[in-house]
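Protein chains in written order, with the working numbering: chain W, 1 to 294; chain U, 1001 to 1317; chain R, 2001 to 2405.
These are computed hints drawn from the structure, not numbers from a lab. Computed from a prediction, not measured in an experiment: that's the story for all the values here. Keep in mind that the hints are not guaranteed to be accurate.
[Unchecked claim] Restricting the straight-line Cα-Cα distance to at most 30 Å, the calculated cross-link-like pairs of lysine-lysine (BS3-like) are:
| # | chain 1 | residue 1 | chain 2 | residue 2 |
| --- | --- | --- | --- | --- |
| 1 | W | 265 | R | 2351 |
| 2 | W | 265 | R | 2402 |
| 3 | W | 265 | R | 2119 |
| 4 | U | 1078 | W | 265 |
| 5 | R | 2249 | U | 1078 |
| 6 | U | 1078 | R | 2120 |
| 7 | R | 2181 | W | 265 |
| 8 | R | 2120 | W | 265 |
[To be verified] Pair ranges (Cβ atoms, derived):
| # | chain 1 | residue 1 | chain 2 | residue 2 | range |
| --- | --- | --- | --- | --- | --- |
| 9 | W | 273 | U | 1134 | 16 to 26 Å |
| 10 | R | 2166 | U | 1164 | 41 to 51 Å |
| 11 | U | 1163 | W | 116 | 49 to 59 Å |
| 12 | W | 60 | R | 2286 | 54 to 64 Å |
| 13 | U | 1204 | W | 94 | 27 to 37 Å |
| 14 | U | 1131 | R | 2286 | 21 to 31 Å |
Yeah, the Cβ is synthetic: ideal placement off N, Cα and C, and Gly gets one too.
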Amino acid sequence: MVDLSLATLMTQLFTGLVLGMIFVLLAVGLSLIFGLLTVVNFAHGSLYMLGAYFGFFLFGLTGNFWVSLVGAPLMVGSFGLLVERFLVRPLYGRSIDDPLLLTFGLSLVLIEAARLVWGKIGVTFDPPRELGQAVNLGFTLFPAYRLFVIGVTAAVLVALWLFLSRTDLGLVIRAGSRDPLMVQALGIDLGRIRLLVFGIGALLAGLAGVLAGPMRGVYAEMGVTVVIEAFVVVVVGGMGSLAGAVLAGLMIGEVVGLTTLVAPKLSEIMVFIVMAVVLLVRPSGLLGEAGLLE
Amino acid sequence: MTPRFASRIGAHPVLAFLVFFGVFPFLAPYKALATQVLIYGLFAVGFNLLYGYTGLLSFGHAAYFGLGAYGAGIALAKLGVGSVWGGLGLGLVAAATGGALIGFLCLRRRGIYFAMLTLAFAQLLYFVVFHLADLTGGDDGLRGIPQLPARLPGLALSLDGSLAFYYFALALVGLAVVGLRRVLDSPFGAVLQAIRENGDRAVACGYDVNRVRLLSFVFSAALAGLAGGLEALRLTVIPIESLYWTTSGQVVMMTLLGGAGTFFGPFVGAATYLVLEDRLSVLTESWPLVIGAIFMAFVLFLPKGIWGTLTGGIHGR
Amino acid sequence: MDRRSFLAATAAGAAALSVPTSLRAQTREAIRVGFPLPLTGPFSALANDLQRGATLAVEEVNARGGVLGRRMEVLFRDDQLKPAVGAQRTKELIENEKVQFVVGGLAAHVQMAINEQTKKSRVLFISVSQSDEISARPDTSPLTFHEALNPTITCRAVGSWVAQNLGTRWWIVYADYAWGKQCNAVLTDVLAKHGGTLLGATPYPLGNAEFVAHLPKIQAAKPDVLLSATPGADNIAFLKQVTSFGMKKQMRIAQPLQWMPVTKEGGPDLYAGIYAGINFYWEVEETIPSARRYVAAFRQRFGTPPLDYSSYGYSGILELARGVELAKSTDSDAVATALRAHPEYDHYKGKQWWRGCDNKSFQDLWIIRGREPDKVRGEWGLLDVVNRVPADEHLDRSCAEKGLA
């Protein structure tokens, strides 16, 4: 039987938190891109993968983990700008399926390109010495690196929230997610905003990748299942709601973490069970708005 | 291939279908590939009924393909059903029932939420089948499906040869295509397309929109289930991946590639996708890169899909 | 480029691609062997190893004049690690390319789909995948041969050695699919036979490499040995997480099977001190003549020593050649009968033989341990050989247990 002592439970909650943070980074990016651009970005998992590989590359180049941490997301973000400008932009005004098919094709290309460039086996890179220890949290020893992931993600989310709620640009982005037509009618050029938002979404995915790399290893297929889970998180949180994406990401992270402890065989399916339950009870997800995208 | 020729084909769809697929095994690189195109074409046609004609995007259509396959497979391999028709029939019933149940639950929501619910149920089904390993073979797949002949009064047609199996499948797929054509041309079909164009208006006109949607879902699932049953007979083994979201994704890609909302689009898409993948993977190990690039090119240059572009969007959205 | 000309160009390209390959000029006299394997996907590195081993074997065969005076040809096809694709590729190889034999499969579930097609077409199939089912009812057939190890053999061999040498208080972590479940069942059984204690067993969904949840519990139980059936990239994630909790210092870690490419990817820091079973490690050439010849030939051809899966590919092809020579025919039934009539062979690591009832190859395997980073010899000298486990039919299920006479 399962030993559900307080210590085990607390460890579980922390583990779920780490898992949740990665989900949140991915879901927020996806939600931004979907909210403003109405693009279902199937390549999001590949951007996550690129973040991990770019992190490995920069680490190999400089031997400095911090350079990887900052550089990899920026590289992926820049790549995202290129993708929006040259591949996604031509598709505006067309059917909603087109970006789906395009980003799907793009993900195939990116995965194969990664294997061609970095080899088929996959690569590893490790966190710096300082973060390689286990920290005594009182109820258990917990890897310092994972606490670091929680910290970094929280900081980035706070920065993003400040940007979206306190700056003019942020205001336009939020408005554009709600009602792109109205924003355009007000004379604001959405083209540059779309570019920026795709870039930010890509950057967040890249950050998730470079953070996850040292925990799980870096290999070309690492983004494939992750993208589906990220979509589930976005839908559970409610399309177009960033707060929903954060809430859902953390919630699902914790649920999966606890399931792993109590009923390990169910942990893979739990994500879908949660989604089905939430959607059947709340039509537009946790914090989504009724009428959006129906 | 000019738009006029394409529209000529569009005017006599069933005839064109039979003529083309009658000779297709001799055009395709090898016969097993031709059969695969036929089967996945049918799967895509079923998906397209729901998506292109009714306007409902399903991310979990592998569930009905899988139910059809496992239904037929379990009937033939485990329950001792001694007839090909019995196996296929059971598979069809399983798929249609699954469609009715899952459709009923999912149709309570719309848009992307509907799509994700269909995905959730498909994954649930995958999980259940995966863990009922004694019945279904689990992740090793269901093996041991016997190679039975197709029995008609007075005849027993052996399905051992590739060509024989192809024409057997063609007969069944042809019947399904005829059935679909009749449905689409009927008043029911008109209501379907009315719902797709403007659901609220259809309600205002007094149509029972929910009932029509559910019926469409069930019919779509049945077509997918027939395809699944045929695939089970073809391979005599049912991989668990038949139920996985990657299979659902494949059928979406095939339909979009060919042109959603067109009658032949799904077949064209299935043929393109499968032949390309087959031939490219023989030429190079990096074939996913080439296919991905080709997809992107198609999307950028052919917004209505291949067939959609050719017909100039006669049936297009 | 406008849409119409784009379509025309693509149509022309597709037409060119769809011309049946049999129309192209080709020699029909060669003996053709189909080889489906996962050239794309997470195990493509292993597939490339299989390919190299098979290629070396074919070149050796052709260099000595071929088989029955005919050249041998191997046609590799990507099965994408999917059973449906594996089945389709096998059909293509048999129908279109007219191969006389099939060797291959890497994933257990794919090779069973391949096997269904070869059985239907009455083509001899030598599987190089790790699977218990392929050599048992209902999957096996007189034309189904199994060259590689299987979970029962590896887990009994490694499990017994671990129980006798490392300790008898175990915790098992295993992937929740056929191979992992079989490993868990066999390891549990072996432990019971040695009078040990199973403190716990933890399944996890394959590909979902998050173990941190379980590690504190495992630590608290204080096992002597932590056994892991975690394939591929999961293995690296598992060991990283275990290391980050400091567990390598608290208990021994053993795994029934370890793959060389994964070992290299993880690196000596990660794999130092980890015990595992393996079908072949090139340093055994020091004591085995056929291995010395094999390693030298492989080195000369590819510049690196042969790995675990290269050897399956190598041996599989050479056995086919031997069978055809013995049968003086390319008829699959004749070749199968000939191999059963002359079951012993030695291509690269010592004596191997086919068991008559299930066409299972019995062969030596080794217990290895990862070398400390400062003791590593060159790029591939990553392991210490700890023990040789000689081939033994008792390591596998008996013919009766497999449903065969």
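Status of each hint after checking the structure:
no.: 1; hint: W:265 with R:2351; in the structure: 41 Å, violated
no.: 2; hint: W:265 with R:2402; in the structure: 28 Å, holds
no.: 3; hint: W:265 with R:2119; in the structure: 34 Å, violated
no.: 4; hint: U:1078 with W:265; in the structure: 26 Å, holds
no.: 5; hint: R:2249 with U:1078; in the structure: 50 Å, violated
no.: 6; hint: U:1078 with R:2120; in the structure: 19 Å, holds
no.: 7; hint: R:2181 with W:265; in the structure: 12 Å, holds
no.: 8; hint: R:2120 with W:265; in the structure: 36 Å, violated
no.: 9; hint: W:273 with U:1134: 16 to 26 Å; in the structure: 23 Å, holds
no.: 10; hint: R:2166 with U:1164: 41 to 51 Å; in the structure: 58 Å, violated
no.: 11; hint: U:1163 with W:116: 49 to 59 Å; in the structure: 39 Å, violated
no.: 12; hint: W:60 with R:2286: 54 to 64 Å; in the structure: 34 Å, violated
no.: 13; hint: U:1204 with W:94: 27 to 37 Å; in the structure: 29 Å, holds
no.: 14; hint: U:1131 with R:2286: 21 to 31 Å; in the structure: 47 Å, violated
In this structure, the earlier hints numbered 1, 3, 5, 8, 10, 11, 12 and 14 are contradicted, and the remaining ones agree with it.
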